[in-house]
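Q: Using our numbering, read the first sequence as starting at 1 and increasing by one per residue.
It is possible that some hints are incorrect.
Said to hold, decoys possible - Simulated crosslink set (DSBU-like; lysine-lysine; CA at most 35 angstroms straight-line):
no., residue 1, residue 2
1, LYS335, LYS283
2, LYS413, LYS403
3, LYS413, LYS372
As the list claims (entries may be wrong) - Pairwise CB distance ranges, derived in the manner of DEER restraints:
no., residue 1, residue 2, range
4, LYS147, HIS362, 22 to 32 angstroms
5, LYS103, GLY11, 41 to 51 angstroms
6, ASP269, THR398, 12 to 22 angstroms
7, ASP149, TYR411, 22 to 32 angstroms
8, THR398, HIS362, 33 to 43 angstroms
9, LYS332, TYR411, 49 to 59 angstroms
By construction, these hints were calculated from the structure, which means they are not laboratory data.
Glycine residues also receive a C-beta, built at the ideal position from the N, C-alpha and C atoms.
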Amino acid sequence: MLKFDIEHKDGLARVGIIHTPHGDIKTPAFVGAATRATVKALTMKEMNELGSQAILANTYHLILRPGIELIEEAGGLAEFSSWHKPTFTDSGGFQIFSLPNVKISENGVKFKSHIDGANFELTPESSMQAQWAIGADIHMAFDHLAKSDSYADMEEAMHRTHRWLDRCVTEHKRLREKAASESGQNAFSEGLPERSSARTSAPRPWRRAEATRPEEKVFGQILSREQYLYAVVQGGTFNDLRAESARYCAGKDVDGFGIGGVFTAKNMDEMLKTVNSILPENKPRHLLGMGQEPIDLFVGAEYGCDTFDCVGPTRMARNGSLYTKDGRINIKNAKYAHDFKPLMEDCDCECCKNYTRAYLHHLFRTDEITAKVLASIHNEHFVVSTVDHIRESIMDGTFQDYKNAFLSRYYAK
RNA sequence: GCUGGAAUCGUCUAGUGGCAAUGACAAGAGACUGUAAAUCUCUCGCCUUCGGGCUUCGUAGGUUCGAGUCCUACUUCCAGCA
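Construct the entire structure; sequences and hints are all you get.
A: Here's what the structure looks like:
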């Protein structure tokens, strides 16, 4: 069972530590979205330096490229990407919702690679197998988001998610037992194409060459094959469905919970209150996909979510939309051409400590790669450090003050 | 000097008798929440009561119901020959 210590509580909000095989996550925490085993535009060193505690990769994307076997051959997601800290994988369930032309059946989902047209099928079982091969510390159950927000569609998606959850729990348990009995062997590629196992504990040439790099000291962790499963709560915008889903998931033998499909919900606070009042207190909760808007982080933490992930901050960054304490600004706008202030006052990220808005404006206008790097460093640091401050404020009882001050300024307009 | 060729919205460009006029870039702005996103959308001659009105394709004339498109002259530029 995944170890989760709660250090402090305030209503539904809590401060805790998730102990993973790759280290601890002090919660609440923002998890960087590393869909294709990289946080776009950023190196793992930069992610580490901006304070990120964990990343989340996506099973669907890694199946397409580079292929699950390759990640396994590399020794797992952490080894492959050189992120020797906690990792999550999403199940691929979200892609059912976001991709066109997927064929959904009770068994699972069939889709064509958008890269070369190859046919793939993801099922609860194959998603579990793929996630075990990827080797993230925390896996998401393979779930189903509704295509529309009608009650009927939401209800159907929820029930299917529950049926799939049972299959995920069974398969995850089978793989865990197999891993334990065959430790050291390549035990996790069942259902995937045959491939000779190259995964060993022996250092590979490229690792030996890097062994003296200074960041080895920062990253040095032990790769473990212990892996954990979160159930995913669905139910869309309907509190009765959310409650039903939370009750269902709460009864399962899982290590924590993802709360999915939330960005379609207008009533996030009510919904989270409902769900997190039902979910067992002693297991961590991950709010899937939320965090582009700071208010989501405050509301999420206030109502008992422990971790967040979101592609918004880095995507915004690449598109020139950058966080400040006074709201997001579009750095490409003409008015920043002669603005020689830092992007954000009192920000200690590499971008704000060293560069001006005018310089960022110029880099974006000239389409320089560095524009996206610096912007991504800032935006990712902004959300990571905001959640870190939320943690501190819950700890010392000043959460409401911090929330009110932050949000009233950010959304003042 | 002679002989060809060319001049179109900030730039490059399409257009060879019915056009406020093509495309790209630039410019102005917006969107983005478990990433098919370093992506996408809108505006881009002037005015507008959003029906439309007005002025535009080097300059000046001409032919024609109608000219960016045809003719003449001029101006500028390019190429070749002197």
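Q: Next step is simple, just say for each hint if it's right about the structure.
A: A quick look at each hint next to the structure:
1. LYS335 - LYS283: violated (48 angstroms)
2. LYS413 - LYS403: holds (17 angstroms)
3. LYS413 - LYS372: Roughly 25 angstroms separates the two Cα atoms, so the pair holds.
4. LYS147 - HIS362: 22 to 32 angstroms: violated (43 angstroms)
5. LYS103 - GLY11: 41 to 51 angstroms: holds (44 angstroms)
6. ASP269 - THR398: 12 to 22 angstroms: The hint (12 to 22 angstroms, Cβ to Cβ) holds, given that ASP269 and THR398 are roughly 20 angstroms apart.
7. ASP149 - TYR411: 22 to 32 angstroms: holds (25 angstroms)
8. THR398 - HIS362: 33 to 43 angstroms: 39 angstroms Cβ-Cβ, so the 33 to 43 angstroms window holds.
9. LYS332 - TYR411: 49 to 59 angstroms: Given about 22 angstroms between the Cβ atoms, the range is violated.
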